[in-house]
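Chemist: Sequence:
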Amino acid sequence: MPLHATGAPTPDQIRQATRTLAHLAAYLRERPCLDEALTLLVPLLDADDDVPILLGDTLRSAERIITGAGLSQNEETQTITEALRATAQEATDWHVLQWDIQRVQALHQAARRMRPR
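Numbering (our numbering), first residue to last: 3 to 119.
Treat the hints as calculated values from the structure; they're not laboratory data.
There may be inaccurate statements among the hints.
As the list claims (entries may be wrong) - Here are the in silico distance ranges between beta carbons for each label pair:
(1) 32 to 107: 17 to 25 Å
(2) 79 to 117: 33 to 41 Å
(3) 69 to 40: 38 to 46 Å
Ideal placement from N, C-alpha and C gives every residue a C-beta, glycine not left out.
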């Protein structure tokens, strides 16, 4: 479920979020078992508030703030806002990864059922 802002997060909270994501990336590079990896990937790519959707929304909001800030609309500003808009769309497009993770879960569960006991 999407979160509604009640105030600005602190820079420390943002840093903690990026540290947590970096910790996850480092842990996954160690190649844990698939069950552990899926347990961590599912909330990252959750259907309602997954990282791609949140990142895309954040970048779109940043673009709107820059556009509305009264900066001179020169080529440099336009390049920056276009890059934010394009990157926001690209990040949002990664949202489809949630279905890939769901398919991996289903394949993994099917493989476990097929194993002899």
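Chemist: All the hints need checking, so say for each whether the structure fits it.
Modeler: Outcome of the hint check:
In this structure, residue 32 and residue 107 meet the distance hint of 17 to 25 Å, their C-beta atoms being roughly 20 Å apart. In this structure the supplied range 33 to 41 Å is violated for residue 79 paired with residue 117, their Cβ-Cβ distance being about 58 Å. Against the hinted window of 38 to 46 Å, the Cβ-Cβ separation of residue 69 and residue 40 comes to about 39 Å, which satisfies the hint.
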